[in-house]
Amino acid sequence: MLMSPLAQARRAAAWALATPGRLALAAGAVLTLAGVAGLLFAWSGIYNIAASRGHLKVVDHLLRFGMENSVRGRAPDMNLPTQPDEDRIRLGAGHYHAGCAYCHGAPGTPISPVAAKMLPPPPDLKDKVGLWKDGELFWIVKHGLKYAGMPAFPSLERDDEIWAVVAFLRRLPELDRLAYRTLALGEVEPERPSGAEIAGGGSDQEAVGACARCHASGAAPSSRLVPILQGQPAAILESALRDYAAGLRDSGVMQTAAADLTDNAIRKLAAYYAGLPRPAVQPERTDLEIVARGERLARGGDPSRGVPACLSCHDEQASPAFPRLAGQSARYLEGQLAAWRAGLNDRSPTGRIMAPIGSRLTAEQARDLAAYFASVMPARRVGR
Amino acid sequence: MSRLRRLVLSLILFVLPACQQQSALAPAGEEAARVALLSWILFAGAAVIFVIVLAALGFAIAGPERLRRRLRAEGAIRFWGIAFPAVTLAVLLGYGLWLMRETIASPSPAALRVEVTGEQFWWRVAYDGPATKPIAEANEIRIPVGVEVEFVLRTADVIHSFWVPSLGGKLDMIPGRTNRMRLKAERPGIYRGQCAEYCGTAHALMSMEIVAVSQAEFDSWLAAAKAPTVPVSETARRGAALFLASGCGACHAVRGTRAEGTIGPDLSRIGARRYLAAASLPNTAENLIRFITDSSAAKPGSLMPPFAIFSPDEQHALAAYLASLK
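Top line first, the protein sequences correspond to chains X and A. Using our numbering, the letters of the first sequence correspond one by one to residues 359 to 742. Using our numbering, the letters of the second sequence correspond one by one to residues 12 to 337.
Just so you know, not all the hints are guaranteed correct.
[Claimed, not checked] The following label-pair restraints were derived from C-beta to C-beta distances:
(1) A:T273 x X:D534: 54 to 64 Å
(2) A:K144 x X:M735: 30 to 40 Å
(3) A:E297 x X:R663: 28 to 38 Å
(4) X:T620 x A:A167: 42 to 52 Å
(5) X:D534 x A:A308: 52 to 62 Å
(6) A:A167 x X:L646: 27 to 37 Å
(7) A:A308 x X:P641: 35 to 45 Å
(8) A:V241 x X:R705: 32 to 42 Å
(9) X:R663 x A:R188: 18 to 28 Å
(10) X:E545 x A:A167: 46 to 56 Å
[As the list claims (entries may be wrong)] Calculated from the model, a selection of chain A residues having no Cβ within reach of chain X, i.e. all distances over 12 Å:
(11) R83
(12) A215
(13) I300
[What the hints assert, rightly or not] To give an idea of the interface, some chain X residues facing chain A are shown, with a C-beta separation under 8 Å as derived from the structure:
(14) G659
(15) P661
(16) A667
(17) S677
(18) A679
(19) P707
(20) T708
(21) R710
(22) I711
(23) P714
Hints were generated in silico from the structure; no laboratory data involved. Every residue, glycine too, gets a C-beta built ideally from N, C-alpha and C.
Make the full structure from the sequences, and use the hints.
Shown next, in the form of structure tokens:
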């Protein structure tokens with residue numbers, strides 16, 4: 359006897375639904391079949407992986423929907439202070455130019471045609487940042503986005519640097535070409551005077567690795583979150599660059615900047631900055647009581663907490679293996695001490711010395727020390 | 012065969028401490044002698060009682076019926092089970108207290124006072140100096156022979172315990188308390204001591220040496236502390252400059268120099284010590300360098316940060332300088 363297909367399906371369904379055991383069996387069989395079919399599909403090569411073809415519209419919508427919900431669900435509920443923070447914006451601009459501008463473009467510089475052919479194409483951020491809250495931007499910059507080619511931040515430990523990038527992104531929509539170049543390039547002028555020089559390797563891209571964009575060379579750094587390098591001993595500049603390049607010191611910004619420096623370039627750079635005269639920076643004036651407390655700690659340490667005197671390694675006469683701290687900005691010093699207190703940077707030879715000491719400082723002691731060192735005018739240029 | 016070897020090895024390990032000047036059974040001081048006497052009495056008494064118990068057990072299992080009946084009589088249990096232990100233990104307690112009477116009471120002031128502070132994981136030592144300033148030492152305690160020395164015991168962090176078995180009993184160092192203990196060395200010699208209370212990772216490597224010398228020798232040693240050593244050789248002078256520039260002086264003191272740190276051990280006479288790192292490594296140039304460059308490999312748990320920043324040449328200069336400090 360012949361049954362219609364509908365009747366056959368009905369009978370099969372009745373059989374499968376009769377007991378829970380049969381239902382499970384049927385479900386298992388369907389799942390297995392689906393898995394096998396998927397494998398066959400992937401194995402056959404029917405699917406076109408070409409980025410040039412784009413996604414189906416429905417796939418594109420589905421991916422975007424999933425991405426937006428995932429970011430909103432995971433982003434921290436934190437905001438930047440309402441008052442714009444110029445130090446953060448300048449540091450963020452410096453990193454944006456080195457790490458983000460190639461794919462996302464910058465005011466006055468279109469997205470690279472190579473990056474524009476990624477799938478999905480990296481968006482021009484001035485249209486996008488307004489759609490996200492601060493915490494959501496922070497989360498995307500920190501963790502990146504799967505399936506979109508958006509990378510995570512080079513160091514997941516330095517939230518302070520990531521917030522600087524977010525602060526810059528908030529400013530980005532207002533910037534024109536000139537304002538952007540002032541922020542991101544500082545005193546560096548990458549436009550070459552002659553065609554020969556441009557042909558010989560000079561273009562905007564070369565300025566990406568230029569230290570002076572953030573650290574300056576003649577003047578002081580434009581952001582107080584960036585250290586003054588002029589007059590530091592060459593040995594510490596060299597070891598710092600090597601540690602960043604090897605990933606032994608935690609900083610997304612500096613790991614990016616130091617990654618492709620050759621040994622020879624590191625030596626030359628260190629000698630160059632060590633030999634530069636220190637820019638005239640007025641010592642910072644703050645609460646005298648805090649400065650006095652910081653000075654006591656810097657000179658005598660805190661033996662009860664196992665904290666030795668900072669100046670035994672960080673004054674002008676100390677070994678060139680250690681940095682001089684006098685005259686650095688309080689904001690920079692506080693940021694670095696926060697990193698030590700959080701247990702970062704404990705992998706390089708000098709980092710292994712400082713890490714146990716830094717982790718013993720209290721938050722108050724770190725603030726006092728930063729205020730003290732920022733208030734001191736360096737006695738003389740070291741230039742070793 | 013392997014079981015026999017293991018047995019012999021463990022026996023040797025058991026007996027070894029007696030050969031190493033760190034044994035309560037090799038007394039070299041009054042108090043240690045009393046402790047040793049009490050120990051021997053306890054060992055002998057316990058041996059006799061053990062034999063009696065074994066014999067009673069044997070008879071109870073396989074003895075003649077008459078003896079077995081007497082063993083299980085109520086009277087026997089009252090005597091051997093209650094009266095005998097109570098009397099024996101009471102007598103031993105009384106004898107022990109009587110033996111230790113001098114340790115507990117200290118009527119007269121001691122001839123010499125040494126302050127010892129337990130720290131993770133070393134011993135800070137201070138002698139009353141000729142001037143007002145105490146003379147700092149670490150991990151090696153020099154005392155004169157035949158003189159009662161009062162040890163003032165404190166701790167800077169957790170509970171430690173001061174124990175030099177050949178000279179006396181052990182006494183804990185407890186946070187917030189000052190404990191006192193008197194020891195007298197009868198013969199010149201080197202007596203090893205050990206922290207006897209678990210205090211952290213490097214507890215097992217927290218040792219010390221008490222060096223007992225004649226009174227004259229001790230006096231000249233203490234007086235020499237007033238004249239700091241000056242590095243003679245060119246290498247040692249380079250080491251001295253490196254020592255100061257590298258920040259060593261922030262934690263360590265060397266008398267007569269800018270190095271006045273009090274966080275780590277005083278190094279004014281480190282060259283004269285027999286051992287390094289709280290008597291856990293022999294004092295050689297190799298060990299000095301190893302401890303400086305990778306302290307936690309040389310002594311796991313050490314709180315000194317590793318200074319892996321020196322070239323081999325600089326390492327030797329530093330080692331030469333430290334070895335010259337005597």
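Starting from the hint 32 to 42 Å, judge whether the C-beta atoms of V241 (chain A) and R705 (chain X) obey it. Hint holds: Cβ distance 39 Å, inside 32 to 42 Å.
Would the least Cβ to Cβ distance between R83 (chain A) and chain X come out above 12 Å? For R83 (chain A), whose nearest Cβ neighbour in chain X is about 66 Å away, the distance exceeds 12 Å, so it holds.
So the hint says 54 to 64 Å: do the beta-carbon atoms of T273 (chain A) and D534 (chain X) match that? holds, 60 Å
Measuring from beta carbon to beta carbon, are E545 (chain X) and A167 (chain A) in 46 to 56 Å? For E545 (chain X) and A167 (chain A) the Cβ distance comes to about 52 Å; the hint holds.
Taking 52 to 62 Å as the stated bounds, is the beta-carbon spacing between D534 (chain X) and A308 (chain A) within them? Distance hint for D534 (chain X), A308 (chain A) holds at roughly 58 Å.
Proposed interface contact between A667 (chain X) and chain A, which counts if any beta carbon pair is under 8 Å: holds, 5 Å
Given the hint of 18 to 28 Å, check if R663 (chain X) and R188 (chain A) actually sit that far apart at their C-beta atoms. Holds, at about 22 Å.
Minimum Cβ distance from P714 (chain X) to chain A below 8 Å? holds, 5 Å
Lying within 35 to 45 Å: is that true of the beta-carbon distance A308 (chain A) to P641 (chain X)? holds, 42 Å
Taking the beta carbons of K144 (chain A) and M735 (chain X), is their distance inside 30 to 40 Å? holds, 36 Å
Between A167 (chain A) and L646 (chain X), does the C-beta distance stay in 27 to 37 Å? Check passed, 33 Å falls within 27 to 37 Å.
Cut-off 8 Å, beta-carbon criterion: hint that P661 (chain X) touches chain A: holds, 5 Å
Hint violations for this structure: none, all hints satisfied.
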